[in-house]
Amino acid sequence: MSHPIEFGRHRRSGPEWGRAAEKQNRQRLQPLARDRRGVPTVGVPTRLGVVDGRSVAEPPPLVNRAAAGPTKSEGVAMAKRPETQGELIPLFGPRDPLALELEARAARNVGDRKLAKLIDARVRLEQSESSMESQLGFTSRSLIQCTLPHSDPGKTVFQFRRQDPHSGLALELLGNPSVGLPYGAVSRLFLTYLMTRVVQTKESTVFLGRTWTAAAAELGIDDGAKSLKLLRNHVLRCFYTTFALEQPVAGESRTDPERSIRVRRFQILSAAELPRTTNPDQLAWSPVVHVDATFFRELTDQPVVPFQFDALKNLSGSALAIDLYLLLNFKRFRLDSPCPFTYNELMQRFGSQYAPGPSGRKAFKRHLQRQLANIRAVWPELEVDVVPGGIVLIPGPTHVPPRRLK
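Residue numbers for the sequence shown follow our numbering, so the first one is 633 and each next one is one higher.
Do not rely on the hints blindly, as some may be mistaken.
[Unchecked claim] Simulated restraints, written as ranges between beta carbons of each label pair:
| no. | residue 1 | residue 2 | range |
| --- | --- | --- | --- |
| 1 | Gly949 | Thr837 | 28 to 36 Å |
| 2 | Ala857 | Lys787 | 20 to 28 Å |
| 3 | Lys861 | Val1019 | 38 to 46 Å |
[As the list claims (entries may be wrong)] Here are the simulated DSS-like pairs of lysine-lysine, each with C-alpha atoms no more than 30 Å apart in a straight line:
| no. | residue 1 | residue 2 |
| --- | --- | --- |
| 4 | Lys963 | Lys994 |
| 5 | Lys997 | Lys787 |
| 6 | Lys994 | Lys787 |
| 7 | Lys834 | Lys963 |
| 8 | Lys997 | Lys963 |
| 9 | Lys861 | Lys787 |
| 10 | Lys861 | Lys834 |
| 11 | Lys787 | Lys834 |
Because the hints were derived from the structure by calculation, they are not lab data.
Quick caveat: nothing in here was measured; it's all calculated off a predicted structure.
Positions of the beta carbon are idealized from the N, C-alpha and C atoms, including for glycine.
Let's have the full structure, built from the sequences with the hints guiding it.
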């Protein structure tokens, strides 16, 4: 008697559900095949069986890429990439709800719960068309090119510098010894939320929420007591930190110590009202921050970069994933040919806190490829080729289609 496959769990009610039966059950599913974008093809499971008490039909047959020819979006990239004979692609479009559901169930079945969670979040994002405008986020171009530290530099480090290897733009942070420098995913979520609210409201005063719990919900952060204290701490770190942007003048040598530069020094916040996270009457005092005039003018007078804020919240487990997502989305705005990034360049841009030498580069490469897979889960239209020595971004639409910006 054959047993139906149940995605996400196995019944162990009898001896037939021992290790041998589980191994046989796993063998009923072929390994996940992937197209050249790294996206699992949804028609891979040979048998779908019963899911949540209902039967799931077999997906449509797969087609051969060689017979179908290149897609329109591949364009200039076809000449750069070797042709793969007999490669299979799904007939489902990337926004098809059934395709997304099957991908998520296939990911859960092979044990990749984190990837399945990201795909589930993408399903909800794609199906919530009524709240599209509320999902838009905005960020400054300079904070994409030069980013915050990924991990806590510690209470003995109060100065941090990072430089964009392409443009030469440099960001220098000067922190307060009593609180330290902003770092990690929480500071990034707070700053992007702050910039989004300023661009949307054109106001320098930003209410984070009626309570710290509401503020955490806006940022996609857990509302536990420890998380709320961490959020408040990161707001204080951003408040006490002085930012300096150093921009070289076009035509000047970047290695010349006497080169001409433009320097702007500012603070993100000029004032803040931050109650205790354990205040018994939190409704009587809501967290409020006031954006510094210099930073406010940069957000309202200069072009900003739009992105999907819900996608960013789903990547909140990794500062590297947030930085890489924003960079790839930014680069795609005016990209008309494949754009390569070497691992050394990306490590210089993002991974300055990794150990120097081959072991540090290997760890950074492994971490970056893992986060790139998570980004693809929430941004299925993204095309990035992983090549020896780095990655190549393929031209295509940004994560915010132009019609959303009209």
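Here is what the structure says about each hint:
1. Gly949 <-> Thr837: 28 to 36 Å: 30 Å, holds
2. Ala857 <-> Lys787: 20 to 28 Å: Check passed, 22 Å falls within 20 to 28 Å.
3. Lys861 <-> Val1019: 38 to 46 Å: 43 Å, holds
4. Lys963 <-> Lys994: 25 Å, holds
5. Lys997 <-> Lys787: Measuring from Cα to Cα gives roughly 28 Å; hence the hint holds.
6. Lys994 <-> Lys787: 28 Å, holds
7. Lys834 <-> Lys963: 26 Å, holds
8. Lys997 <-> Lys963: Between Lys997 and Lys963 the Cα gap is close to 20 Å, so the pair holds against 30 Å.
9. Lys861 <-> Lys787: 17 Å, holds
10. Lys861 <-> Lys834: Since the Cα atoms of Lys861 and Lys834 sit roughly 29 Å apart, the hinted pair holds (cutoff 30 Å).
11. Lys787 <-> Lys834: Roughly 35 Å separates the two Cα atoms, so the pair is violated.
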